Amino acid sequence: MNANKIYPWYFSSGAIVLYLLFIVAPALLGIYYSFTDWNSYSSEKNFIGLEHFRTILAGDPTYLLFIKNTVLFTLVTSIAKTVLGLFLALLLVSGVKAANLHRMIIFSPQVLSFLIVGLVFKSLLDPNNGFVNVTLRSMGLDVLAQNWLGSLTWAMPSIMAVDTWKGMGYIMVLFIAGLLAIPRDYYEAASIDGAGFGQKLFRITIPMLMPTITIATVLNITYGLRVFDAVYVLTNGGPGNATDVINTAVYSSFAKGYWGLGSALSTILFVIMAVISFFIIRLMNRKVEY
Amino acid sequence: MRLRKRLASIGLNALAWLLSLVVLIPFVVIVLNSFKSDAEAKVLKLTLPEKFIFENYKIVYEQGHLGGSFFNSLLHSGVSSLLLVFVVAFSAFTLSRNHSKLSKFLYFFLILGITLPLNYIPLMEVMKSMGMINSHVGMILLYTAMGIPISLFITYAFVSNIPKELDEAAIMDGCNGVKLFLRIIVPLLTSVLVTVFVLNFLSVWNEFTAPLYMLNTVEMWPMTLAVYNFFGQFSAQWNLVSADIVLTSLPVLIVFLIGQKYIVGGLTSGAVKG
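Those protein sequences? They're chains U and H, same order as listed.
Counting along the first sequence from 1, when you hit position 137 you're at 202 in my numbering, and nothing is skipped either side.
Counting along the second sequence from 1, when you hit position 117 you're at 891 in my numbering, and nothing is skipped either side.
Honestly, the hints are just simulated from the structure, not real lab data.
Computed from a predicted model, the values in this text were never measured in an experiment.
Watch out, some of these pointers could steer you wrong.
[Claimed, not checked] Derived DSS-like pairs (lysine-lysine); straight-line CA-CA distance at most 30 Å:
hint : chain 1 : residue 1 : chain 2 : residue 2
1    : U       : Lys265    : U       : Lys162
2    : H       : Lys875    : H       : Lys953
3    : U       : Lys133    : U       : Lys321
4    : U       : Lys187    : H       : Lys819
5    : H       : Lys938    : H       : Lys953
6    : U       : Lys321    : U       : Lys187
7    : U       : Lys187    : H       : Lys902
8    : H       : Lys832    : H       : Lys819
9    : U       : Lys187    : H       : Lys832
10   : H       : Lys816    : U       : Lys187
11   : H       : Lys875    : H       : Lys938
12   : U       : Lys321    : H       : Lys902
13   : U       : Lys110    : H       : Lys902
14   : H       : Lys779    : U       : Lys265
15   : H       : Lys1035   : H       : Lys938
16   : U       : Lys162    : H       : Lys1035
17   : H       : Lys938    : H       : Lys878
18   : U       : Lys162    : H       : Lys779
19   : U       : Lys133    : U       : Lys187
Construct all of the structure, not just a fragment, from the sequences and the given hints.
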């Protein structure tokens, strides 16, 4: 039987053409643009080599701040979502009542757009009349009330918290699926040997969950590095530039007409993502083997 | 011993409810506020409205361009998801069955897009050159392309699990590739294709970045942009903003409740076996 005849690869041509046109072509074109001075003020695109990259990485320190913010956001939200997701999953498979209802409630923010979640929290976190500060004040905890999204100290942590609130349900669902796939016998055998909760968690559950942890980490990291909506809706990068991440900086350089520079920022993001994904997968694979 | 177990169980249940409430309360606050008067909604509190004002929803519907943008969102999500199902079914079938080096390469090339960040600035240029900026067709094709990597990843694994003996039997009976695909494989793929449809529908419905770059006329806006714009205009009137938020999230929550099985199944597929 000739596979090429029965399963001709050109059956895939629809997907391939769309993918090439809308994903690959812009990606390659973007790399090319990042070496040009393309902007909205002149019709020419001149090749200027690495100048944008020099500006971003060594010239103007605000760009380094955007990169730092992106990495910080990714690290904190990834760890928070993984830890909380695992905790929630362990809680919901421990035999609590109405576990499915809890699962559905905690997962639900994941299906809403970040725009909606962002607007909800923008109102809840309003410094004067928002739910959070009003509640804190009504409990006599005035000291804890903050200008959550408008202060240099609290804006970034607030965005991270909202993002974790939204995304932890998805990671929880992944962990629930992973936990249910671990054979019960392991725990029974461990119980007979007298293992406690902690021992079971670190000797059986977490090692057996390594593949799920890998996927969750990769998902969290790739999401975190690409973050845009969360920051754009909640603070639009402010106060000042304090919460700007790479993708909001790309958007503002696009809006200002600095298209070459914006493309260079995107290219840097692309490189960071490729490198990090590669290392994470390698590292996690090695751990699973033990 | 028994008492201790019961106490532990009560504690765990209380903790689960506490955490669910942390997720629920923000929504409850918004829903309650959507029925309050302007003055009453000035301070966001977890209290019942003095009088339920349904008028808010009417104002929001009329002033928020919600009718037209609802139609745009439905058009973009529905058509791109249908197209995606069609395109992905074909490619998953041929790429997973055909074990040549080319098809392996194409598969990995296509799913690479799961992590690839989209560069919107050159994308605009590409779409402009095809005359697809500010057009429904352009948005639909773009969304289809964006959905391909993850959907192919989900469907590919599924096709691999369908025994190849089925194909052989069908071919013995005189099926050709197309017939085999349509008569035998597609019916077996129904559930995963529904999953792909639902997941893509939701993600297109929620899409904010692509329309922000690609659409600059009000008539073309999906609900996300309409809501964002509405918030910009009425940010001081929280009762209206709340009603707007409720109206926009309702369709998604309904899709979620109906398609729950498919959503959760699709999102977890591949994550367990790794």
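Consistency of the hints with the structure:
no.: 1; hint: U:Lys265 to U:Lys162; result: holds (23 Å)
no.: 2; hint: H:Lys875 to H:Lys953; result: holds (25 Å)
no.: 3; hint: U:Lys133 to U:Lys321; result: holds (22 Å)
no.: 4; hint: U:Lys187 to H:Lys819; result: holds (14 Å)
no.: 5; hint: H:Lys938 to H:Lys953; result: holds (15 Å)
no.: 6; hint: U:Lys321 to U:Lys187; result: holds (26 Å)
no.: 7; hint: U:Lys187 to H:Lys902; result: violated (34 Å)
no.: 8; hint: H:Lys832 to H:Lys819; result: holds (23 Å)
no.: 9; hint: U:Lys187 to H:Lys832; result: holds (23 Å)
no.: 10; hint: H:Lys816 to U:Lys187; result: holds (14 Å)
no.: 11; hint: H:Lys875 to H:Lys938; result: holds (19 Å)
no.: 12; hint: U:Lys321 to H:Lys902; result: holds (19 Å)
no.: 13; hint: U:Lys110 to H:Lys902; result: holds (17 Å)
no.: 14; hint: H:Lys779 to U:Lys265; result: holds (18 Å)
no.: 15; hint: H:Lys1035 to H:Lys938; result: holds (27 Å)
no.: 16; hint: U:Lys162 to H:Lys1035; result: holds (20 Å)
no.: 17; hint: H:Lys938 to H:Lys878; result: holds (17 Å)
no.: 18; hint: U:Lys162 to H:Lys779; result: holds (14 Å)
no.: 19; hint: U:Lys133 to U:Lys187; result: holds (24 Å)
In terms of the numbered hints stated before, the structure departs from hint 7 and from no other.
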